[in-house]
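Visitor: Sequence:
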Amino acid sequence: FVAWVSASRQAGLMHLMAGASVIMALSVLIANSRSGLLGFFMSTVLATGLVMRRQRSRRGRVASVLLALALLLGIVTWAGVGGLASRVATVGRADSSAGGRLQAWRGALAITADFPLLGSGLDTFGVAMLQYQTGDRSIHFEEAHNDYLQILAEGGAALGAAVVAAIATVAWLVHARFREAPREGTTYWARTGAVIGMLSIAVQSLMEFSLQMPGNAALFCLLVAIALHRSPNLRVRPSAGQSNYGFDR
3 FVAWVSASRQ
13 AGLMHLMAGA
23 SVIMALSVLI
33 ANSRSGLLGF
43 FMSTVLATGL
53 VMRRQRSRRG
63 RVASVLLALA
73 LLLGIVTWAG
83 VGGLASRVAT
93 VGRADSSAGG
103 RLQAWRGALA
113 ITADFPLLGS
123 GLDTFGVAML
133 QYQTGDRSIH
143 FEEAHNDYLQ
153 ILAEGGAALG
163 AAVVAAIATV
173 AWLVHARFRE
183 APREGTTYWA
193 RTGAVIGMLS
203 IAVQSLMEFS
213 LQMPGNAALF
223 CLLVAIALHR
233 SPNLRVRPSA
243 GQSNYGFDR
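Mind the numbering: the sequence shown is residues 3 to 251 in my numbering, read in order.
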């Protein structure tokens, strides 16, 4: 905070963003979530690739890769290679959380097969699993641990089609925002970061139900809003019968 107050506006923003990035990365490790780690590594790789493409010099591209590797290495070292390896090694075990998810997924597929059009009803997965859960019943699955499968199980093809249409609409609008604005400046990078965050959450939703938690859902809505936001400084510049877009600085 002292550094932010004493620095210039641009440097202060850099300090805040760097601090926020470190805090978010550490929170992933503290949670010790494999899906969270997967999303974090994916977002780091995507961000590094985009930054490398923007660098005009070889030195800049090399620096981008080294910075990303240093970040990943530091995080892995802090978390402990042994601890991370042991978490990954339990994926195929039936008595692990990852192995237990397979039971939930099988149940979701069975529910979908019996109620293909409209599903079993919203927020009924836990009740339906009293009938459809197989294997070890010492743990009852209230959620499918896969948001996509749970949507199909509870809402069937009708809700699934609506969700696909919503995702396609958001993707189309985000693409339009990228096309109409310059690929530079704070707005571009904020939008890019929001899209990477949305993709990371989409990947984590393959193995978790984070979006069913109000706090996570609110943050996801914030990312969508940033990705879809149209800058108030955007204006049309007609040229040769065509419209070019830029920022009115």
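It should be emphasised that the hints constitute simulated quantities derived from the structure, not laboratory data. Since the structure is predicted, the reported quantities are computational estimates derived from the model, not experimental observations. Check each hint, because a few of them may be wrong.
For each label pair, taking beta carbons as the anchor points, the in silico distance ranges come out as [said to hold, decoys possible]:
#1 L52 <-> L124: 31 to 41 angstroms
#2 M26 <-> R185: 16 to 26 angstroms
#3 L201 <-> P118: 44 to 54 angstroms
Beta carbons are placed, not taken as given, at the ideal position from N, Cα and C, and that holds for glycine.
Visitor: Hint by hint, say whether it matches the structure.
Guide: Cross-check of the supplied hints:
1. L52 <-> L124: 31 to 41 angstroms: About 37 angstroms separates the Cβ atoms of L52 and L124, which means 31 to 41 angstroms holds.
2. M26 <-> R185: 16 to 26 angstroms: holds, 25 angstroms
3. L201 <-> P118: 44 to 54 angstroms: violated, 29 angstroms
In the structure shown, a violation is registered for the earlier hint numbered 3 alone.
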